[in-house]
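Starting from the given sequences, assemble the full structure and let the hints guide the process.
Number of protein chains: 2
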Amino acid sequence: MNRYTAVQSLLILFAIALLISPPVIFAESIEKLDPNMAVADPDGEWIWYDALLLGIEGKVWGETEKPYDRLPAKAEGVVTDSVWKLSKHSAGMAVHFVSDAEKISAKWEVTNDNLAMPHMPATGVSGLDLYVRLDKGWHWIGNGRPSQKETQAVLASGIPAGSHEYLLYLPLYNGTASLAIGVPKEASLAKAPARPEGKQKPLVFYGTSITHGGCASRPGMAYPAILGRRFDRPVVNLGFSGNGKMEAAMGELLQEIDAAAYILDCIPNMTPELIAERVVPLVKALRAARPGIPILLVENIQYQSGAFLEASRIAYEEKNEALQESYGTLLGSEYISDLYYLPGDTLLGSDGEATVDGVHPTDLGFQRMADAFEPVLKSFLSE
Amino acid sequence: MNRYTAVQSLLILFAIALLISPPVIFAESIEKLDPNMAVADPDGEWIWYDALLLGIEGKVWGETEKPYDRLPAKAEGVVTDSVWKLSKHSAGMAVHFVSDAEKISAKWEVTNDNLAMPHMPATGVSGLDLYVRLDKGWHWIGNGRPSQKETQAVLASGIPAGSHEYLLYLPLYNGTASLAIGVPKEASLAKAPARPEGKQKPLVFYGTSITHGGCASRPGMAYPAILGRRFDRPVVNLGFSGNGKMEAAMGELLQEIDAAAYILDCIPNMTPELIAERVVPLVKALRAARPGIPILLVENIQYQSGAFLEASRIAYEEKNEALQESYGTLLGSEYISDLYYLPGDTLLGSDGEATVDGVHPTDLGFQRMADAFEPVLKSFLSE
Numbered sequence: 074m075n076r077y078t079a080v081q082s083l084l085i086l087f088a089i090a091l092l093i094s095p096p097v098i099f100a101e102s103i104e105k106l107d108p109n110m111a112v113a114d115p116d117g118e119w120i121w122y123d124a125l126l127l128g129i130e131g132k133v134w135g136e137t138e139k140p141y142d143r144l145p146a147k148a149e150g151v152v153t154d155s156v157w158k159l160s161k162h163s164a165g166m167a168v169h170f171v172s173d174a175e176k177i178s179a180k181w182e183v184t185n186d187n188l189a190m191p192h193m194p195a196t197g198v199s200g201l202d203l204y205v206r207l208d209k210g211w212h213w214i215g216n217g218r219p220s221q222k223e224t225q226a227v228l229a230s231g232i233p234a235g236s237h238e239y240l241l242y243l244p245l246y247n248g249t250a251s252l253a254i255g256v257p258k259e260a261s262l263a264k265a266p267a268r269p270e271g272k273q274k275p276l277v278f279y280g281t282s283i284t285h286g287g288c289a290s291r292p293g294m295a296y297p298a299i300l301g302r303r304f305d306r307p308v309v310n311l312g313f314s315g316n317g318k319m320e321a322a323m324g325e326l327l328q329e330i331d332a333a334a335y336i337l338d339c340i341p342n343m344t345p346e347l348i349a350e351r352v353v354p355l356v357k358a359l360r361a362a363r364p365g366i367p368i369l370l371v372e373n374i375q376y377q378s379g380a381f382l383e384a385s386r387i388a389y390e391e392k393n394e395a396l397q398e399s400y401g402t403l404l405g406s407e408y409i410s411d412l413y414y415l416p417g418d419t420l421l422g423s424d425g426e427a428t429v430d431g432v433h434p435t436d437l438g439f440q441r442m443a444d445a446f447e448p449v450l451k452s453f454l455s456e
Numbered sequence: 074m075n076r077y078t079a080v081q082s083l084l085i086l087f088a089i090a091l092l093i094s095p096p097v098i099f100a101e102s103i104e105k106l107d108p109n110m111a112v113a114d115p116d117g118e119w120i121w122y123d124a125l126l127l128g129i130e131g132k133v134w135g136e137t138e139k140p141y142d143r144l145p146a147k148a149e150g151v152v153t154d155s156v157w158k159l160s161k162h163s164a165g166m167a168v169h170f171v172s173d174a175e176k177i178s179a180k181w182e183v184t185n186d187n188l189a190m191p192h193m194p195a196t197g198v199s200g201l202d203l204y205v206r207l208d209k210g211w212h213w214i215g216n217g218r219p220s221q222k223e224t225q226a227v228l229a230s231g232i233p234a235g236s237h238e239y240l241l242y243l244p245l246y247n248g249t250a251s252l253a254i255g256v257p258k259e260a261s262l263a264k265a266p267a268r269p270e271g272k273q274k275p276l277v278f279y280g281t282s283i284t285h286g287g288c289a290s291r292p293g294m295a296y297p298a299i300l301g302r303r304f305d306r307p308v309v310n311l312g313f314s315g316n317g318k319m320e321a322a323m324g325e326l327l328q329e330i331d332a333a334a335y336i337l338d339c340i341p342n343m344t345p346e347l348i349a350e351r352v353v354p355l356v357k358a359l360r361a362a363r364p365g366i367p368i369l370l371v372e373n374i375q376y377q378s379g380a381f382l383e384a385s386r387i388a389y390e391e392k393n394e395a396l397q398e399s400y401g402t403l404l405g406s407e408y409i410s411d412l413y414y415l416p417g418d419t420l421l422g423s424d425g426e427a428t429v430d431g432v433h434p435t436d437l438g439f440q441r442m443a444d445a446f447e448p449v450l451k452s453f454l455s456e
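The listed protein sequences correspond, in order, to chains A and B.
Take the first sequence: its position 225, counting from 1, is numbered 298 in this note's numbering, and each next residue is one higher.
Take the second sequence: its position 248, counting from 1, is numbered 321 in this note's numbering, and each next residue is one higher.
Please keep in mind that the hints were generated in silico from the structure rather than gathered at the bench.
Honestly, I wouldn't trust all of these hints.
Identical chains share a label here; the pair holds if one copy fits it or two copies do between them.
Claimed, not checked - In silico EDC-like links for lysine to aspartate or glutamate, alpha-carbon gap of 20 Å or less:
(1) Lys-176 <-> Glu-329
(2) Lys-274 <-> Asp-154
(3) Lys-209 <-> Asp-418
(4) Lys-176 <-> Glu-383
(5) Lys-209 <-> Glu-383
(6) Lys-274 <-> Glu-447
(7) Lys-180 <-> Asp-411
(8) Lys-209 <-> Asp-424
(9) Lys-147 <-> Glu-270
(10) Lys-258 <-> Asp-107
Here it is in structure tokens:
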């Protein structure tokens with residue numbers, strides 16, 4: 074055949090190769106886990122890799138008492154006992170991996186027998202939640218519904234051919250004692266490639282039960298997780314139910330984190346007096362330790378019965394006035410650069426339907442919170 | 074004083090009277106419950122009225138085996154055993170009342186020990202949910218979080234002076250064995266006035282676990298309940314988890330209901346074969362029995378992993394094609410008037426985040442479903 078036909082044929086072959094190649098192409102440098110590190114089921118259906126082999130996104134400190142603790146071992150006795158206990162919950166942690174498996178399972182054990190709360194289902198408190206990266210962004214594909222302390226569940230099957238990038242969120246309100254990811258024995262499993270330059274530092278959220286993820290139906294619907302997917306960045310969740318109180322010790326731990334931004338959403342757990350006492354020094358110390366990194370102060374959500382019950386309304390209005398006061402000080406006499414402020418009136422919408430109990434957002438409320446946070450974060454995060 | 078001053082004084086007195094009058098003024102004809110029918114607490118804090126004294130909205134048949142059953146006693150052995158069992162759940166029922174109480178409590182007992190499901194919290198499965206009518210419409214103010222089979226809970230306190238109109242939703246996925254409403258002994262309690270002329274007939278929803286309310290965080294967030302509030306009409310919830318299959322016996326029961334509209338949302342529980350077999354005869358019989366009353370056929374929701382997993386996508390596409398076929402028959406050879414159709418692609422949005430498990434909407438999904446239903450219902454409901 075002549076040169077023209079040869080070139081044409083090559084182009085056609087190339088086009089076919091493109092068509093049949095995996096939908097996502099990863100650099101050859103991705104290091105696949107050695108199957109010798111996996112444990113095979115007796116019947117050979119699954120081989121299991123300890124998730125720790127893949128690394129845990131959203132975990133800041135290596136030196137922890139247990140592998141899925143949110144605070145370092147040295148924090149025990151330094152932070153309050155309540156914060157320490159709650160730091161054992163795996164909120165915000167995720168396994169970020171790549172696999173060509175046709176189906177994916179998980180086997181995980183939680184630390185607490187109470188798999189659910191009366192106002193938050195076991196899927197959110199103790200469950201797993203799996204997302205895949207599609208062209209348009211992260212997309213939910215399956216979750217692990219816990220039935221007892223240790224659960225094995227197929228998260229997805231019938232997965233299209235090729236390698237795909239996944240994010241598997243860990244339980245929000247329970248500790249994760251162990252987690253193994255199961256794939257068919259011929260499938261590969263690898264740590265996901267690092268996120269692109271400029272998107273590797275985490276968004277750090279410090280706050281209350283709301284930040285902690287109460288009451289999402291599944292771990293991926295806590296608002297820090299939603300924002301992590303929208304901005305395609307790692308997230309650190311330092312929400313401590315009932316205990317986001319801006320103690321100096323917590324401020325010092327925040328300073329240790331090399332963050333893209335610090336989001337301080339503690340107001341629902343603080344009195345106006347505590348706000349007046351603690352916000353300014355915590356922000357000043359954080360600014361001194363981390364110059365130039367954006368700090369976002371978030372007002373209290375509007376409790377959903379406040380449109381009718383005055384006490385609910387006053388409860389958040391007084392706190393927000395106290396926070397505005399502190400913000401004024403930080404803009405004025407104690408000038409702090411790169412400081413941002415998110416008012417509470419847009420966080421949950423205006424129809425009163427955003428929570429399960431007036432205080433804790435459902436997935437509807439968390440989606441609305443993410444919508445309110447997104448433009449503010451966008452305004453100061455470098456792309 | 075001269076006439077001018079007298080008129081002025083009267084006007085001022087009238088203005089003051091207006092200011093201190095209750096925010097909602099009800100006709101004198103509202104019949105308050107006789108306090109002799111109430112049971113007082115030993116400490117005198119609350120007096121308790123059986124909710125049955127107020128009547129149950131969303132309950133069609135008087136002759137039921139138990140007071141909070143959704144189907145009549147005669148349906149036992151006529152509908153399938155599964156439907157019969159599920160008809161014992163109080164989904165969609167609500168107590169519609171007026172009270173000038175400064176605080177409101179409830180004491181309720183459910184029939185099933187399992188207060189929650191792994192993917193739906195106890196607040197939705199077995200809880201109560203309280204709304205008040207404000208100028209702009211119904212507004213959430215409090216809920217009852219069940220802790221055991223029998224629970225007593227304060228639903229709201231610090232209520233502004235005056236009489237207010239309330240809607241108290243019953244548990245979605247549990248039976249209600251008994252329900253008492255508690256108010257302070259000096260407070261009155263009365264059945265709410267009938268809804269305005271033209272808004273008294275109910276919206277009747279027949280369907281699956283989704284219609285039944287799975288997996289709302291609280292009873293008021295099931296999509297039939299949301300639509301009931303938006304259109305300010307009673308709602309009848311005939312959702313039967315896993316069992317909305319359009320049997321002829323269910324069709325006959327539907328015909329007995331004097332409805333504002335029939336919404337048929339059974340497709341997720343039916344195979345394409347069952348759809349081909351049952352939709353046309355059920356709709357024809359309903360039209361013959363109830364001429365002129367709108368009937369809405371609803372397509373299957375899009376399962377949320379369908380953007381990635383082909384099997385999930387095919388599962389709903391095949392059913393929706395079958396329903397389109399039946400709809401075509403009903404528009405053509407078997408012409409049926411006042412028949413409407415709601416496609417499935419708008420029901421849950423397009424981001425894949427609307428459910429807890431790919432199938433069952435969370436409050437986020439139910440809000441989106443209500444948004445998709447609203448314009449369609451508006452198009453055929455007479456105001």
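Here is what the structure says about each hint:
no. : hint                : in the structure
1   : Lys-176 <-> Glu-329 : neither (39 Å within a copy, 48 Å between copies)
2   : Lys-274 <-> Asp-154 : neither (29 Å within a copy, 57 Å between copies)
3   : Lys-209 <-> Asp-418 : between (30 Å within a copy, 18 Å between copies)
4   : Lys-176 <-> Glu-383 : between (52 Å within a copy, 13 Å between copies)
5   : Lys-209 <-> Glu-383 : between (44 Å within a copy, 17 Å between copies)
6   : Lys-274 <-> Glu-447 : within (17 Å within a copy, 43 Å between copies)
7   : Lys-180 <-> Asp-411 : neither (43 Å within a copy, 52 Å between copies)
8   : Lys-209 <-> Asp-424 : between (30 Å within a copy, 10 Å between copies)
9   : Lys-147 <-> Glu-270 : neither (31 Å within a copy, 69 Å between copies)
10  : Lys-258 <-> Asp-107 : within (11 Å within a copy, 72 Å between copies)
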